[in-house]
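Chemist: Those protein sequences? They're chains D and V, same order as listed.
Each step along the first sequence adds one to the number in my numbering, with nothing skipped, and position 314 is 314.
Each step along the second sequence adds one to the number in my numbering, with nothing skipped, and position 47 is 47.
By construction, these hints were calculated from the structure, which means they are not laboratory data.
The reader is advised that the hints may include incorrect statements.
If chains are identical, the list can't say which one is meant, so a pair holds when it fits in one copy or spans any two.
The list that follows gives simulated cross-link-like pairs (lysine-lysine, DSSO-like), each with its CA atoms no further than 30 Å apart [claimed, not checked]:
#, residue 1, residue 2
1, Lys109, Lys73
2, Lys73, Lys166
3, Lys9, Lys166
4, Lys238, Lys282
5, Lys9, Lys216
6, Lys155, Lys73
7, Lys111, Lys216
8, Lys9, Lys265
9, Lys106, Lys238
10, Lys109, Lys40
11, Lys106, Lys265
12, Lys270, Lys73
13, Lys297, Lys270
14, Lys238, Lys109
15, Lys282, Lys167
There are 2 protein chains.
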Amino acid sequence: MTGLTELGKRAKAAAVKMTVLSTEEKNRGLRAAAAALTEKSAEIIAANALDMKRAEEKGTSSAMLDRLVLTEKKIVGMAEGLYQVADLPDPIGALIETIERPNGLKIEKRKVPFGVIGIIYESRPNVTADAAALCFKSGNACILRGGSDAIDSNKAITNVLREALKKEGLPEDAIQLIEDTSHESVNELMRMREYVDLLIPRGGAGLIRNVVENSKVPVIETGVGNCHIFVDASADIKMAVEIIVNAKTQRMGVCNAAESLVIHKDAAEKALPEINKALSEKGITLHGDPECMDILKAGNVVPASEEDYGREYLGPEISVKIVDTLDDAIAHVNRYTTHHSEAIVTRDEENAERFLREIDAACVYVNASTRFTDGFEFGFGAEIGISTQKFHARGPMGLEALTSYKFEIRGTGQVRA
Amino acid sequence: MTGLTELGKRAKAAAVKMTVLSTEEKNRGLRAAAAALTEKSAEIIAANALDMKRAEEKGTSSAMLDRLVLTEKKIVGMAEGLYQVADLPDPIGALIETIERPNGLKIEKRKVPFGVIGIIYESRPNVTADAAALCFKSGNACILRGGSDAIDSNKAITNVLREALKKEGLPEDAIQLIEDTSHESVNELMRMREYVDLLIPRGGAGLIRNVVENSKVPVIETGVGNCHIFVDASADIKMAVEIIVNAKTQRMGVCNAAESLVIHKDAAEKALPEINKALSEKGITLHGDPECMDILKAGNVVPASEEDYGREYLGPEISVKIVDTLDDAIAHVNRYTTHHSEAIVTRDEENAERFLREIDAACVYVNASTRFTDGFEFGFGAEIGISTQKFHARGPMGLEALTSYKFEIRGTGQVRA
């Protein structure tokens with residue numbers, strides 16, 4: 001028996017205890033954990049210094065160091081996150097549906113926790129507190145597998161959270177950290193069907209692909225976003241430019257940023273030069289098809305290759321495709337979509353409805369920026385990730401996405417005829 | 001490019017067409033398909049005769065031949081099933097939730113089809129029509145992979161269904177049959193992430209385990225049921241006996257039949273002899289723990305081995321465990337459960353609520369037989385299987401379980417600040 005099996009058993013046992021905790025008990029635990037984080041910030045910052053030292057010695061980029069470093073202010077932010085989760089409504093126990101059968105059976109379909117949720121993530125140590133809090137509030141035990149870069153910070157944060165739960169008489173084993181940051185520990189976690197009910201990978205495309213392709217435990221696929229904006233023939237060009245500039249440039253390294261423009265040929269002559277001008281001012285390079293190259297005489301524009309249409313640039317580039325019809329636009333988007341967020345800019349209601357209906361993505365927008373695909377922007381009050389799959393949870397995932405359901409059937413001795 | 005990739009592409013293309021079909025169009029297709037089945041019953045029976053001949057030559061058991069054979073009456077039953085599915089409410093497009101944001105964005109969460117659903121099943125050819133109809137009504141294309149025993153019947157049924165759809169101008173490629181019944185075709189189907197959105201295995205434990213463990217496509221695990229009945233200290237003994245006899249003997253080869261008894265020690269002296277007597281009359285052998293063996297002097301009872309508690313007998317046997325407390329009963333059930341259906345017989349409301357809350361199963365019963373875990377008994381009007389997992393769908397699965405959702409967001413030019 002390896003260490004991970006032991007840890008899985010403890011998490012599973014804690015998950016059973018979690019099923020009987022009241023909302024008040026869970027909130028008390030979250031608030032105690034939040035208070036402990038600020039009280040013990042010096043301890044956490046000291047542990048983080050070890051991570052920072054190793055990272056600096058490795059020559060880590062300043063952008064990465066910025067994500068890794070923990071300050072007093074960042075820890076207060078983490079604690080605030082926990083207080084916010086405590087304030088959110090508790091999804092557990094909620095009645096989804098009641099069925100009364102002619103034989104007198106009363107069937108209630110109620111929300112229940114999954115049990116044990118594994119989270120595999122990369123360097124930012126604040127994910128540790130954030131993910132643990134969301135799992136705890138939704139009645140789940142969690143097994144956290146953070147990256148090696150942040151391991152000392154993650155250990156310190158987890159210890160503080162666990163101690164706070166223990167002091168409150170709550171199951172501290174509901175929060176577990178895998179301290180072994182080798183690849184083997186991820187491989188083992190992905191095989192632990194007996195102890196883990198669900199795995200959520202959070203991070204880059206490589207991490208997610210590895211988990212989706214190799215896990216024996218059910219996975220919620222998150223993250224990759226090759227998001228399109230389709231400018232329809234009837235689009236308000238000014239609105240289209242504003243939406244495109246926002247979706248492409250408001251924050252470029254995120255999954256809900258636009259990566260591709262699709263433009264109806266009847267709008268292209270007028271819209272493209274304006275879009276090109278606005279994007280050029282923000283330093284964005286267009287990768288255009290031959291029709292686009294014909295129209296644009298200036299600006300940062302280069303010919304697109306076939307691969308450009310499948311690319312999540314996460315940087316100052318965008319692909320452009322001119323299409324003849326709405327059907328062609330829908331076919332193009334459905335071919336290259338990563339099922340995350342897609343938008344149409346149009347004044348034609350019928351076209352809007354067709355786009356909404358036929359595009360196969362978690363979030364489909366009419367006349368708005370794809371940047372809104374986010375648990376906070378949707379009003380969920382929290383987010384554990386954005387699901388790009390159709391199975392179980394789709395789009396921004398708050399507490400609800402961390403629950404399953406159970407049928408509770410109350411009878412008076414009914415037997416089947 | 002293999003044949004299966006071609007078939008996957010056609011199914012995916014049909015799935016897009018399915019998203020714009022109205023309820024009326026889908027129902028028209030189902031009714032035309034039902035009518036065609038009875039009209040062409042001679043053709044189907046002739047094809048079935050080929051399967052029957054091969055099966056008889058192989059020395060197939062009469063029970064299996066009985067499952068395989070198609071008669072005029074069985075085909076009328078299949079057609080009736082299709083008419084019933086046409087009469088069920090259409091889940092697609094239903095509004096799950098509406099969110100209005102302060103910035104004016106209107107977010108609608110709506111039910112949508114998965115796209116392409118693969119069904120892997122064993123010998124009964126009526127599954128072909130049944131599964132195709134449920135997928136069609138829920139707006140999905142399906143790829144059917146039935147067993148080799150029924151391949152000629154399956155081809156004939158699928159041809160009839162497809163022709164009927166084609167005549168109605170509906171996408172016949174929404175129903176696809178894999179004619180290659182080698183293991184390799186299952187392996188390939190399990191790798192077709194690009195064209196298949198969901199796989200549902202229907203059949204024995206071996207088939208299900210193979211799919212769950214090896215599929216790269218998301219799977220809904222169905223079927224295995226090691227179902228327990230817990231007789232609490234306060235149980236009405238007469239009710240307990242009736243429920244146990246029903247759950248164990250009303251139909252023995254099914255997943256919702258009881259396979260294990262757990263009895264509180266304070267009820268055991270009185271209840272066990274009565275249970276034993278009633279089960280003995282039905283030819284059931286008890287596998288008892290030492291306490292059970294002490295109490296029972298007569299009847300079909302043998303000592304239980306550790307493995308007995310993990311066994312899905314699907315036959316005239318049942319394991320028995322005497323426990324000291326409700327906690328012990330819950331721990332025992334949670335240790336050996338296959339997360340299908342579990343029941344408590346009790347007059348103590350608090351114990352009932354604890355059992356409902358703490359047992360980790362799709363369906364938890366108070367004072368009723370586990371045999372009710374069934375889409376028809378739950379009033380769903382149809383069933384594609386019983387999910388024993390927590391992910392996406394749990395318990396009996398009707399049309400709803402074959403849907404995902406999509407966020408539709410309507411704006412007036414909103415961009416993110």
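Chemist: Next, verify each hint and record whether it holds.
Modeler: Hint-by-hint comparison with the structure:
1. Taking the shortest Cα distances, lysine 109 and lysine 73 never come within 30 Å of each other, neither inside one copy (43 Å) nor across copies (36 Å).
2. For the homomeric pair lysine 73 and lysine 166, the shortest alpha-carbon distance inside one copy (26 Å) is at most 30 Å, but the shortest distance between copies (65 Å) is not.
3. For the identical chains of this complex, lysine 9 and lysine 166 are intra-copy neighbours only, at 18 Å inside a copy versus 54 Å across copies, given an alpha-carbon limit of 30 Å.
4. Taking the closest pair of Cα atoms, lysine 238 and lysine 282 come within 30 Å of each other only inside a single copy of the chain (17 Å); across copies the shortest separation is 79 Å, beyond that limit.
5. Taking the shortest Cα distances, lysine 9 and lysine 216 sit within 30 Å of each other both inside one copy (18 Å) and across copies (27 Å).
6. With identical chains, the CA atoms of lysine 155 and lysine 73 are at most 30 Å apart within one copy only, with a shortest distance of 19 Å there and 67 Å across copies.
7. In this assembly of identical chains, lysine 111 and lysine 216 lie within 30 Å of each other by CA distance both inside one copy and across copies; the values are 24 Å within and 28 Å between.
8. In this assembly of identical chains, the alpha carbons of lysine 9 and lysine 265 lie at most 30 Å apart only when taken from different copies (28 Å versus 60 Å within one copy).
9. For the homomeric pair lysine 106 and lysine 238, the shortest alpha-carbon distance between copies (21 Å) is at most 30 Å, but the shortest distance inside one copy (57 Å) is not.
10. For the identical chains of this complex, lysine 109 and lysine 40 are neighbours neither inside a copy (42 Å) nor across copies (42 Å), given an alpha-carbon limit of 30 Å.
11. Taking the closest pair of Cα atoms, lysine 106 and lysine 265 come within 30 Å of each other only across two copies (29 Å); inside a single copy the shortest separation is 58 Å, beyond that limit.
12. In this homomeric assembly, lysine 270 and lysine 73 never come within 30 Å of each other (Cα to Cα): the closest approach is 48 Å inside a single copy and 66 Å across copies.
13. Proximity of lysine 297 to lysine 270 under the C-alpha cut-off of 30 Å is restricted to the intra-copy arrangement: shortest distance 13 Å within a copy versus 93 Å between copies.
14. Proximity of lysine 238 and lysine 109 under a CA criterion of 30 Å is satisfied inter-copy only: 28 Å between copies versus 48 Å inside one chain copy.
15. For the identical chains of this complex, lysine 282 and lysine 167 are neighbours neither inside a copy (52 Å) nor across copies (55 Å), given an alpha-carbon limit of 30 Å.
Checked against the numbered hints given earlier, this structure breaks hints 1, 10, 12, 15; the rest are met.
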